[in-house]
Amino acid sequence: MDIVIVDDHPLVRRGLAAVISMQPNVKFAGEATNGEEALRVLEELRPDMVLIDLKLADESGLDVIKAARSRGIESKFILLTSSASREDFLKAEEVLVDGYVLKEALPEELLFAIQLVHKGRKYYDPGLMEDKMRMSGKSPTDELTPKEREVLIELGQGACNREIASRLFISEFTVKKHVSQILAKLQVADRTQAALYANAVGLTKYEMSVE
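The opening position of the sequence shown corresponds to residue 1 in full-length UniProt numbering, with each subsequent residue numbered one higher.
Bear in mind the hints are in silico, worked out from the structure with no lab data behind them.
Below, a list of computed lysine-lysine pairs in the DSS-like style, where the Cα atoms sit at most 27 Å apart: (1) K76 to K122; (2) K76 to K185; (3) K103 to K119.
Using the sequences and the hints, build the whole thing.
Below, the structure written as structure tokens:
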């Protein structure tokens, strides 16, 4: 998997290159600092994936993605951002961004996002997803039943199905059903992403006890 990094900060590019080099199936193929340079590099290298900053000095990474799409560049794009407004989200969906990752994410979260997007799935940073839902006036966790919230908390603590079943006094089959519903309601790909979401929004047992 060849990856190009587009960011106007040298230290950020070096840091991202170091992170992606941790994966044996990932190759740092090139870099760019602005839109014009990025388009030139993408047309030349045609990478599998591009990690691109939302804010490139006086440019928007979204405009670069839109221009790349119009030129027939089929790379997958993961948007890196410190924050995102409702307008940014809407524009990102228009240009078919494949993933959103906060710059404060841990290295393993970024690597997880890269692997997920590479498999053809979408990735939404749990923190960004919570902000997105808050913009619409609701939180994804509002859709969960009390028991599903309990299961999500356990997922956030890294518990397996057997451990969750034992702690909540339910069968493993029931746990699997709850996990399936949680993934659907939170619109996440798997239990790992659900766990990241639970930790990102600070869902805790104490919260459950006071509701």
